[in-house]
Amino acid sequence: MTVADVFGRCAAAGRGALIGYFPAGYPTVDGSVELMNAMVEGGCDLLEVGIPYSDPVMDGPTIQAAAETALRGGTRVRDVLSVVERVSAAGGSAVVMTYYNPMLRYGVDAFARDLAAAGGLGVITPDLIPDEADEWLAASTAHGLDRIFLVSPSSSDERIAATVAASSGFVYATSIMGVTGARESVASAAPRLVARTRPHTSLPVCVGLGVRSGEQAAEVAGFADGVIVGSAFVAEAERTGRDGVRVLAAELAAGVGRGSPRRSTPTDVMAP
Amino acid sequence: MQASDGIARSSGHEPDERGHFGRYGGRFVPEALVAALEELTTEYEKARHDPEFLTELDRLHRDYSGRPSPLTEVSRLAEHAGGARILLKREDLNHTGSHKINNVLGQALLTKRMGKSRVIAETGAGQHGVATATACALLGLDCVVYMGEVDTRRQALNVARMRLLGAEVVPVKLGSRTLKDAINEALRDWVTNVEHTHYLLGTVAGPHPFPMMVRDFHRIIGLEAREQVLERTGRLPDAVAACVGGGSNAIGIFHAFLDDESVRLVGFEPGGDGIETGRHGATLSEGSPGALHGAMSYLLQDADGQTSESYSISAGLDYPGVGPEHALLKDLGRARYEPVTDAAAMEAFALLSRTEGIIPAIESAHAVAGALRLGRELGPDGIVLVNLSGRGDKDVDTAARWFGMLDREDTQ
Numbered sequence: 051m052t053v054a055d056v057f058g059r060c061a062a063a064g065r066g067a068l069i070g071y072f073p074a075g076y077p078t079v080d081g082s083v084e085l086m087n088a089m090v091e092g093g094c095d096l097l098e099v100g101i102p103y104s105d106p107v108m109d110g111p112t113i114q115a116a117a118e119t120a121l122r123g124g125t126r127v128r129d130v131l132s133v134v135e136r137v138s139a140a141g142g143s144a145v146v147m148t149y150y151n152p153m154l155r156y157g158v159d160a161f162a163r164d165l166a167a168a169g170g171l172g173v174i175t176p177d178l179i180p181d182e183a184d185e186w187l188a189a190s191t192a193h194g195l196d197r198i199f200l201v202s203p204s205s206s207d208e209r210i211a212a213t214v215a216a217s218s219g220f221v222y223a224t225s226i227m228g229v230t231g232a233r234e235s236v237a238s239a240a241p242r243l244v245a246r247t248r249p250h251t252s253l254p255v256c257v258g259l260g261v262r263s264g265e266q267a268a269e270v271a272g273f274a275d276g277v278i279v280g281s282a283f284v285a286e287a288e289r290t291g292r293d294g295v296r297v298l299a300a301e302l303a304a305g306v307g308r309g310s311p312r313r314s315t316p317t318d319v320m321a322p
Numbered sequence: 175m176q177a178s179d180g181i182a183r184s185s186g187h188e189p190d191e192r193g194h195f196g197r198y199g200g201r202f203v204p205e206a207l208v209a210a211l212e213e214l215t216t217e218y219e220k221a222r223h224d225p226e227f228l229t230e231l232d233r234l235h236r237d238y239s240g241r242p243s244p245l246t247e248v249s250r251l252a253e254h255a256g257g258a259r260i261l262l263k264r265e266d267l268n269h270t271g272s273h274k275i276n277n278v279l280g281q282a283l284l285t286k287r288m289g290k291s292r293v294i295a296e297t298g299a300g301q302h303g304v305a306t307a308t309a310c311a312l313l314g315l316d317c318v319v320y321m322g323e324v325d326t327r328r329q330a331l332n333v334a335r336m337r338l339l340g341a342e343v344v345p346v347k348l349g350s351r352t353l354k355d356a357i358n359e360a361l362r363d364w365v366t367n368v369e370h371t372h373y374l375l376g377t378v379a380g381p382h383p384f385p386m387m388v389r390d391f392h393r394i395i396g397l398e399a400r401e402q403v404l405e406r407t408g409r410l411p412d413a414v415a416a417c418v419g420g421g422s423n424a425i426g427i428f429h430a431f432l433d434d435e436s437v438r439l440v441g442f443e444p445g446g447d448g449i450e451t452g453r454h455g456a457t458l459s460e461g462s463p464g465a466l467h468g469a470m471s472y473l474l475q476d477a478d479g480q481t482s483e484s485y486s487i488s489a490g491l492d493y494p495g496v497g498p499e500h501a502l503l504k505d506l507g508r509a510r511y512e513p514v515t516d517a518a519a520m521e522a523f524a525l526l527s528r529t530e531g532i533i534p535a536i537e538s539a540h541a542v543a544g545a546l547r548l549g550r551e552l553g554p555d556g557i558v559l560v561n562l563s564g565r566g567d568k569d570v571d572t573a574a575r576w577f578g579m580l581d582r583e584d585t586q
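Protein sequences, first through last, are from chains W and Z.
For the first sequence, the working numbering gives the first residue as 51, with consecutive numbering after it.
For the second sequence, the working numbering gives the first residue as 175, with consecutive numbering after it.
Read the hints as simulated data drawn from the structure, not as lab findings.
This one's a predicted model, so the numbers in the text were calculated from it and none came from an experiment.
The C-beta atom is built at its ideal place from N, Cα and C for all residues, glycine as well.
Among the hints, a few may not be true.
Which bits of chain Z does chain W cover? Going by a derived footprint, with three or more residues having C-beta under 8 Å, they are [what the hints assert, rightly or not]:
1) 188-202
2) 357-365
3) 454-466
4) 477-483
Work out the full structure, taking the sequences as your base and the hints as a guide.
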């Protein structure tokens, strides 16, 4: 299974992909594996396994608090790799989401090698832009990992073009200017950003930041190839645990299934 | 010498086009911030060659902040330093009480040029926060200052000053609740509000162009001091001493001497309770390369790349990172960096107060302690230039507790 296979399977079924983020080690290493397995059972097509980090500047309060819990519990980078191995063995498909320094400290090439060996498919790098990523570009190529960079509503067309050119697997479009966290509505910037990204790439474009309900998931799946949900899963795990997480994943999966046909043209996207 | 000399004229020690000082610096940031960093880089490049901007900045430095700052020879202190001559560059006499105003005035003017109406800043000891709140009051900008909760307690006076100046002070209750976490929270605010907000970063760290630009705004310190020392003593100093947290006052005074090979450049880092205790903030002495807060540099980190908590009695030096140009100067061997413990800094704090009638900021007391050490190394023929980066009014409470000078009921 590759990231491309995951999206291929979803496209063949005529639906968007549901991508679920969860921090490894929250509330414990074993607990996070169980919760991620529940996300897959509920309908997550792809897992984003988060490496808890001491200075998560792109994350809002929910994920910050979870990362702090995971770190206080002693979660190490090698534990995160074991989480990837276990959720992959259970039938899930996983990429890792990490700030750059833990990967840098591990050794970029060694990290790529060990992640690939654990069954991981790629890495999302919220604070690494392609301009600074020479080492990661080489390591990801050497070990067959996808590199998922982010585009933002503030990105110029030139930067979008350069970013997607360096990307593989999928492109992560941040729907709003801001940090992670569930929001009432998905900002109007998202369809516009996806429309601006499409002409530069044939990769799937997925939207993250702020999605928490089936309704929102359906709305996003109307213009994007995948819907990324993070804080809502973390909050649900805290509230109701494994069963609640499975139910939320199922609700979101039903939502992405209701989304409009794939590959809407920009004109459709902008229509009311 | 005027501030504009440090900005319009290159020193010949510039980062590459993408802000790299050797392997350090660069931009390790979310894509969402790149547009703002590019805008800032472009605007700064225009401003540094715009006579109107330079004239306005020089005017503010002269008429508002009080430049040039004096050079004071401290001969009674020098008796404790093996007889070497010690000269203090008096950045403590600037308006708002530290060197921080140099950078703040420059960036606040840039904020206006960019048409942004809101400024955010981080602060540790509150010196940068006070300077930012001051410039925002002067130029009519909205101001929000993030400050670790621990620091809001140990620097309560500066919190009140910022509020009096019309700024909103937000205590940060995450992580170690000090400067590092204040920067995280400021970065989160910036990612969300970047369209109308400028992040007025207070040190020579962070993503390009901050390390270069903030340095340029502080280069006036060294440019003035070099002339003043030559005029006063007829020669260059043997050593230049400065404290290093993020490293802004140090780079500001070092830069004018980079090409003077005979001049030792020594940065003094917070040694806290002593390096051996693990409770310190000596990033260059004890850290290793890594990416934090937007730049590659030295940092205090564990085996997994998690940032370690720093410690210092001085809130302004209590930071596990450091500016990337210092990392390069260390690797090149052009500057050296040594820890000074809380105890040594406080001893120097008391000594300068009693021998010269100058109460330094606890940050700057680290440089004074270092100068005493350098003076003993150099002997009676030596000349040591010290950047006295700030004054100690804000630290009176901390110092009084340290020295047990409070009456019993006051300490409760």
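Going down the list of hints, with the structure as the test:
1. 188-202: With 4 residues in contact (Cβ-Cβ under 8 Å with chain W), the coverage given for the stretch 188-202 of chain Z holds.
2. 357-365: holds (count 4)
3. 454-466: The restraint on the stretch 454-466 of chain Z holds, since 3 of its residues have a Cβ under 8 Å from chain W and three suffice.
4. 477-483: Result for this restraint: holds, n = 5.
Comparing the model with each earlier hint shows no violations; every hint is respected.
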